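Engineer: Sequence:
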Amino acid sequence: MMQEGDNVDRKVVYTKGAPKPVGAYSQAVIAGSILSISGQVPIDPESGRMVEGDARAQTERVMKNIGEILKAAGLDYNDLVKVRIYTTDLSLFSEINDVYSQYFEEEPPARVFVEVSALPLGALVEIEAEAYLGG
0 MMQEGDNVDR
10 KVVYTKGAPK
20 PVGAYSQAVI
30 AGSILSISGQ
40 VPIDPESGRM
50 VEGDARAQTE
60 RVMKNIGEIL
70 KAAGLDYNDL
80 VKVRIYTTDL
90 SLFSEINDVY
100 SQYFEEEPPA
110 RVFVEVSALP
120 LGALVEIEAE
130 AYLGG
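Residue numbers (numbering that gives the first Met the number 0): 0 to 134.
Simulated from the structure, these hints should not be mistaken for lab results. Just so it is clear, the structure is predicted and the values come from calculations on it, not from any experiment. Positions of the beta carbon are idealized from the N, C-alpha and C atoms, including for glycine. Keep in mind that the hints are not guaranteed to be accurate.
SDA-like, lysine to any residue: derived pairs with alpha carbons at most 20 Å apart [to be verified]:
id, residue 1, residue 2
1, 15, 47
2, 19, 8
3, 10, 127
4, 63, 37
5, 10, 72
6, 15, 53
7, 70, 44
8, 15, 31
Here are the in silico distance ranges between beta carbons for each label pair [said to hold, decoys possible]:
id, residue 1, residue 2, range
9, 30, 90, 27 to 37 Å
10, 35, 96, 16 to 26 Å
11, 106, 28, 37 to 47 Å
12, 87, 44, 21 to 31 Å
Given only the sequences and the hints, what does the whole structure look like? Please build it.
Structural biologist: In structure tokens, the structure reads:
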């Protein structure tokens, strides 16, 4: 149990391989043994623009962005323990899930998949994730 004055080891993770934050947030933060990755929308880190295309193309870009952040922290997709997927249209579940599933050979992380009314920049999908750094 944390008491007043206790500090958690906290480190911000940043990589040029993922989009720059466009607001008051970090790409990811390590706190103790958990890496928390901010919600990623399908922005190409080189152009700074959202990728064009359907839910498959957008999910691919989001997963690549997450992969770059994981790599910057010395991790990979197998270290993910919880993922939250947001979409503006639940009928896109199969398309998003098909792309997402390609990143996990077996034992994918725990996951939530929900429909929301809107996402930043008109994106069809946003994904946030947590990874375990080990002990």
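Engineer: With reference to the structure, classify each hint as holding or not holding.
Structural biologist: Hints versus structure:
1. 15 <-> 47: 11 Å, holds
2. 19 <-> 8: Given pair residue 19, residue 8 is violated - Cα atoms ~23 Å apart, limit 20 Å.
3. 10 <-> 127: Judged against 20 Å, a Cα distance of about 18 Å means the pair holds.
4. 63 <-> 37: Status holds; Cα separation ~14 Å.
5. 10 <-> 72: Roughly 10 Å between the alpha carbons, so the hint for residue 10 and residue 72 holds.
6. 15 <-> 53: Cα-Cα ~25 Å, so violated.
7. 70 <-> 44: Within the cut-off at roughly 15 Å; holds.
8. 15 <-> 31: 24 Å, violated
9. 30 <-> 90: 27 to 37 Å: Between residue 30 and residue 90, where Cβ atoms are some 36 Å apart, the hint holds.
10. 35 <-> 96: 16 to 26 Å: Between residue 35 and residue 96, where Cβ atoms are some 23 Å apart, the hint holds.
11. 106 <-> 28: 37 to 47 Å: Violated, since residue 106 and residue 28 (Cβ atoms, about 25 Å apart) do not stay within the stated range.
12. 87 <-> 44: 21 to 31 Å: With a Cβ separation near 22 Å, residue 87 and residue 44 satisfy 21 to 31 Å, so the hint holds.
Of the numbered hints stated above, those contradicted by the structure are hints 2, 6, 8 and 11, listed in ascending order.
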